Every structure is written in structure tokens, then in C-alpha cells.
Amino acid sequence: MPHKLEDLPYARHLAVWQGDLEPEGDYDCVHLDGGEFDDVEVQNARFSESVFTSVAFTRGSMRHTRFADVWLRNVRWVGTELADTGWLDGEVLAGAMSGVDLAGSSLRRVRFEGCKFDSVNFRTAKLRDVSFVECVLRDCDFGDAALTNVTFSGSTLESIVMNRVKLTKVDLRGARALDITDGLDSLRGATIDNGQLMELAPAFARHLGLLVRDS
1 MPHKLEDLPY
11 ARHLAVWQGD
21 LEPEGDYDCV
31 HLDGGEFDDV
41 EVQNARFSES
51 VFTSVAFTRG
61 SMRHTRFADV
71 WLRNVRWVGT
81 ELADTGWLDG
91 EVLAGAMSGV
101 DLAGSSLRRV
111 RFEGCKFDSV
121 NFRTAKLRDV
131 SFVECVLRDC
141 DFGDAALTNV
151 TFSGSTLESI
161 VMNRVKLTKV
171 DLRGARALDI
181 TDGLDSLRGA
191 TIDNGQLMEL
201 APAFARHLGL
211 LVRDS
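Residues in the sequence shown are numbered from 1 upward in steps of one, following our numbering.
No wet-lab data here; the hints were simulated from the structure.
The structure presented is a predicted model; accordingly, all values stated were derived computationally and were not measured.
Among the clues, some could well be false.
Stated by the list, open to error - In silico lysine-lysine, DSSO-like type, Cα no more than 27 Å apart, as pairs:
(1) LYS166 x LYS126
(2) LYS116 x LYS126
(3) LYS169 x LYS126
(4) LYS169 x LYS116
(5) LYS116 x LYS166
(6) LYS4 x LYS116
Said to hold, decoys possible - Simulated restraints on C-beta separations:
(7) GLU199 x ARG59: 32 to 42 Å
(8) SER159 x MET198: 15 to 25 Å
(9) ASP182 x GLY34: 35 to 45 Å
(10) PRO23 x THR181: 33 to 43 Å
(11) ASP118 x ALA68: 23 to 33 Å
(12) ARG138 x ARG59: 39 to 49 Å
(13) LEU210 x ALA11: 52 to 62 Å
(14) VAL212 x ASP118: 44 to 54 Å
In this text, a Cβ means the ideal position worked out from N, Cα and C, and glycines have one as well.
Generate coordinates for the entire structure from the input sequences, incorporating the hints supplied.
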């Protein structure tokens, strides 16, 4: 997807949205720019061919909302419930999620670039053809999630939980830091490089109960 708003194929059809967001609303070709949404309840809504720029969501719920062919830049989510949301064909640039619940969500063909994820719940989520580029993921939980064809190029992963995660063609090579605190036995299906293997060695030793001594 384009890195500039004006390069989007639907850019000339966008209409600036200035009203409230409502549950079960249909939002086609809308542009949310610079708004702050506190405690909004926007469950079961649908955003299609829409743009979010410099928008902040604090708390509230967007559960079961669908995002299709969306483009987001500088969007911040704090404590927002995004559980069971659906994301298809999206690009998220320079965004931030903190204390966000994405449990049970479905993300397909979504690219995150320059984003920060802090204490985000990805449990039971399904990610397919998703890329994290130059992102920071800290204290995130992927327990019981399913990741297929997911990459983490140039990203930092710190204190990540992967209990019972199902990985298929997941490429962790290129991640700047890789810190898996739980769920090491669920890494089957992932590809790492030699340096990452050495980086994970202490965690593997602890997990297996190995005592490592030089003499």
C-alpha cells in the first residue's frame, strides 16, 4: 500500500468525518483526522476504504468492528477494546497501542511500520500475511494465537509470551531483539538466525532445566 495519503486509489473520494462514531455504523471513504475519542462505544461498525490520521482513542470499545482497506498514520490507542475485530488489507504507520485488547481478532494482509505495541493482548488472534517493520513489541501476549506468514523485519520483541501459539512460516530473522519469556516450546514453525539462537540460549536452558558450567 502507498506511504502517502494522496497515493491511495480512493484518496479523491475521501470525505472528512466530523460527527460522532456510532455502533454498527457503516463508514465508507471517510477521513478521521486529528480527533480524540474517549470512551467511545463503536462495536460492530465497519470502516472501508477509510483513513485515520493523528487520531487518539482512549478506553472505549470497538469490539467486532471491521476494517477493510484502511490506512492509518499516527493513530494512538490506549486501553481500547479491539477484541474480535477484523482487519483486511491495511497499513498502519507510526502508530501506538498500549494496554489494548486484540484477543480473537483476525488480521490479514496488514503492514505495521514504525509502530509501538505495549502490553497488547493478541491471545487467540489470527494473523496471516502480516508484517511488522521497524516496530517495538513489549510485554505482548500471543498465547493460543495462530500466525501464518508473519515477519518482524527490524523489529524489537521484548518480554513476549507465546504459550501454545501456532506458527506457520513465521520469520523472526531480522528482528533486532528477540526476548521470549514464556512459550519457547511453541516456536516450532518459526525461522531464526544463528545470532538469535545464541540470544535465546539462556532462555532455552532455563526452560529445559539445564545447568550450564564451563568447568
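Okay, the hints, checked on the actual structure:
Distance hint between LYS166 and LYS126 is fulfilled; the C-alpha atoms sit about 10 Å from each other, no more than 27 Å. Of the pairs offered as hints, the one joining LYS116 and LYS126 holds, with about 19 Å between alpha carbons and a cut-off of 27 Å not exceeded. Restraint check: the Cα-Cα separation between LYS169 and LYS126 comes to about 14 Å, which is no more than 27 Å; the hinted pair holds. Straight-line distance between C-alpha atoms of LYS169 and LYS116 comes to about 23 Å, which keeps the hinted pair within the 27 Å bound.
About 23 Å separates the Cα atoms of LYS116 and LYS166, which keeps this hinted pair within 27 Å; it holds. Taken as a hint, the LYS4 and LYS116 pair is honoured in the structure, with Cα atoms around 20 Å apart against an allowance of 27 Å. Between GLU199 and ARG59 the beta carbon distance is about 36 Å. The supplied range of 32 to 42 Å therefore holds. Evaluation of the 15 to 25 Å hint for SER159 and MET198 yields a pass: the beta carbon distance comes to about 19 Å.
A hinted range of 35 to 45 Å holds for the C-beta pair ASP182 and GLY34, which are about 39 Å apart. Taking 33 to 43 Å as the suggested C-beta distance range, the pair PRO23 and THR181 conforms, at roughly 37 Å. Range check, ASP118 to ALA68: about 26 Å between beta-carbon atoms, so the 23 to 33 Å window is met. Checked against the given bound of 39 to 49 Å, the beta carbons of ARG138 and ARG59, roughly 20 Å apart, lie outside it.
Separation of LEU210 from ALA11 is about 56 Å and conforms to the stated range, judged on CB atoms against 52 to 62 Å. Separation of VAL212 from ASP118 is about 32 Å and departs from the stated range, judged on CB atoms against 44 to 54 Å.
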